[in-house]
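Participant: Respectively, the protein sequence lines represent chains W and U. For the first sequence, numbering that gives the first Met the number 0 gives the first residue as 0, with consecutive numbering after it. For the second sequence, numbering that gives the first Met the number 0 gives the first residue as 0, with consecutive numbering after it.
Derived by calculation from the structure, the hints in this document are not laboratory data. Be a bit skeptical, because a hint or two may be false.
As the list claims (entries may be wrong) - Below, a list of computed lysine-lysine pairs in the DSS-like style, where the Cα atoms sit at most 30 angstroms apart:
#, chain 1, residue 1, chain 2, residue 2
1, U, Lys216, W, Lys86
2, U, Lys128, W, Lys114
3, W, Lys208, U, Lys54
4, W, Lys16, W, Lys208
5, W, Lys208, U, Lys85
6, W, Lys128, U, Lys85
7, U, Lys128, W, Lys216
8, U, Lys54, W, Lys125
Said to hold, decoys possible - Which chain U residues stay away from chain W? Per the calculated CB distances, all over 10 angstroms, these:
#, residue
9, Thr50
10, Gly60
11, Ile61
12, Gln70
13, Pro72
14, Pro123
15, Lys125
16, Asp167
17, Val168
18, Ser207
Note that this is a predicted model, so its numbers are computed, not measured. Glycine is no exception: its CB is placed at the ideal position from the N, C-alpha and C atoms.
There are 2 protein chains.
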Amino acid sequence: MAIVNTELKNAPLPSIKRLPIYLNMLRLMQVKGRPVVSCTHIADDLHLDPTQVRKDLAITGIIGRPKVGYQVPELIQSIEAFLGWKKANEAFLVGVGNLGSALLGYEGFAHLGLKIIAAFDSHPEKAGKTIHGREVFPLEQLPSLASRMHVHIGVLTVPASAAQSAADVLIGSGIRAIWNFTATRLDAPPDTIVENVELASSLAVLSSKLEATMKNKKKS
Amino acid sequence: MAIVNTELKNAPLPSIKRLPIYLNMLRLMQVKGRPVVSCTHIADDLHLDPTQVRKDLAITGIIGRPKVGYQVPELIQSIEAFLGWKKANEAFLVGVGNLGSALLGYEGFAHLGLKIIAAFDSHPEKAGKTIHGREVFPLEQLPSLASRMHVHIGVLTVPASAAQSAADVLIGSGIRAIWNFTATRLDAPPDTIVENVELASSLAVLSSKLEATMKNKKKS
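Bound conformation, chain W alone (with noise of 0.2 angstroms):
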């Protein structure tokens, strides 16, 4: 265990983030029935460098046999046990608008060890609502919720405006790890882990590169 978490902080976050990249990868291997795999074969697919691949792979414990690879369904379970996706973590979803009802209906986090187990609003009406089969509770109840049932991560999908006191109230009820689909960047506790999806970021990247596109063309 000492081992995982030394690894673990020197793991750079690109690596980290190639592991869902690579897992989705060999969970395809899996259903097609692939035994063993290389890092040569992923580095090919996925347009990466072998030895970067290998780094990657190292930090979660595994290591490859030489001229032969990784058993497949042994380097999933490594991946799924790093990122701690092999039991599924519990959490709590803030702000049932259209993008957090959304969320609740989205059976994808299943695979990526994620299980919303209850949400909640600050607007009166839409507690006692079921979406999804989860129930909604008044935001005041997050705090005895979360302590009852010892959740730690909060999916905050409030409006920009209500992000940042949202988040207070997770962080009061002793949430150590808000997962943030809000323009907002909130202001946290270092040991409260805040990671940003940032959604808006990614279309502004998506969006400025073709409006450059479109103007280039529309000159020449």
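Chain W is fixed; fit chain U onto it per the hints.
Facilitator: Using the frame of chain W, we list chain U on its own:
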């Protein structure tokens, strides 16, 4: 126009990614009726460096007045114009499973200059349905509709196993930019813009950090 283009080519991605964060903050300020804002104010609020903020905003072509700052509405317009968000970019969505249906219902895209005008699915039983006001067409109809409607953006929300083949249909239809919500790295020609949302990577960072925290806690 030429100036904007030159600047975009030199604009670093991290700056582009911060623009929606500024925009979000500025829109909240506008709602509160604040007429003017300085780089220092923005930087303080977002925990950034004021010089960085000035540089980021300058890529949109705007120059603040010394000791005064920027007119809020003017700054909003400048960022929106740079990102191509003044007029909505029309887009097609491919794959109306859980995530796709969810995104069709997400009204927040309107603020990000994105308007999904139709959806497509390769499953014949889904075609003909209307989801959140958008009609679902068979995937085979995408090429003819894309050219007829001059749509340039494709939002990809199919399962990982179908990602490349659906992307091929988009690319073959003249779609210039793909917003990829799948965990699959797409093969695409260099003139196609591919922007990966990487929900899985974002969650990997969050859960691996949480996993490490929890293990350290258990040890101590």
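Participant: Can the restraint linking Lys16 of chain W and Lys208 of chain W be considered satisfied, given a maximum Cα separation of 30 angstroms?
Facilitator: Between Lys16 of chain W and Lys208 of chain W the Cα gap is close to 23 angstroms, so the pair holds against 30 angstroms.
Participant: Once the closest CB in chain W is found, is it more than 10 angstroms from Val168 of chain U?
Facilitator: 19 angstroms, holds
Participant: Would the least Cβ to Cβ distance between Gly60 of chain U and chain W come out above 10 angstroms?
Facilitator: 13 angstroms, holds
Participant: May I ask you to check that Asp167 of chain U keeps its beta-carbon over 10 angstroms from the closest beta-carbon of chain W?
Facilitator: Answer for Asp167 of chain U: holds, closest chain W Cβ roughly 16 angstroms.
Participant: Does Lys85 of chain U lie within 30 angstroms of Lys128 of chain W when you go C-alpha to C-alpha?
Facilitator: 36 angstroms, violated
Participant: Check whether the Cα positions of Lys208 of chain W and Lys85 of chain U lie no farther apart than 30 angstroms.
Facilitator: 15 angstroms, holds
Participant: Between the alpha carbons of Lys54 of chain U and Lys125 of chain W, is the straight-line distance 30 angstroms or under?
Facilitator: Distance of about 43 angstroms is beyond 30 angstroms: violated.
Participant: Beyond 10 angstroms from every Cβ of chain W: is that where the Cβ of Gln70 of chain U lies?
Facilitator: 21 angstroms, holds
Participant: Please settle this one: Lys125 of chain U was flagged as non-interface, so is its CB more than 10 angstroms from every CB on chain W?
Facilitator: 15 angstroms, holds
Participant: Compare the distance between the alpha carbons of Lys208 of chain W and Lys54 of chain U with 30 angstroms, and conclude whether the hinted pair is satisfied.
Facilitator: It holds: about 19 angstroms lies between the C-alpha atoms, which stays within 30 angstroms.
Participant: Beyond 10 angstroms from every Cβ of chain W: is that where the Cβ of Pro72 of chain U lies?
Facilitator: 18 angstroms, holds
Participant: Beyond 10 angstroms from every Cβ of chain W: is that where the Cβ of Thr50 of chain U lies?
Facilitator: Answer for Thr50 of chain U: holds, closest chain W Cβ roughly 18 angstroms.
Violated hints, in rising order: 6, 7, 8, 18; the structure is consistent with all others.
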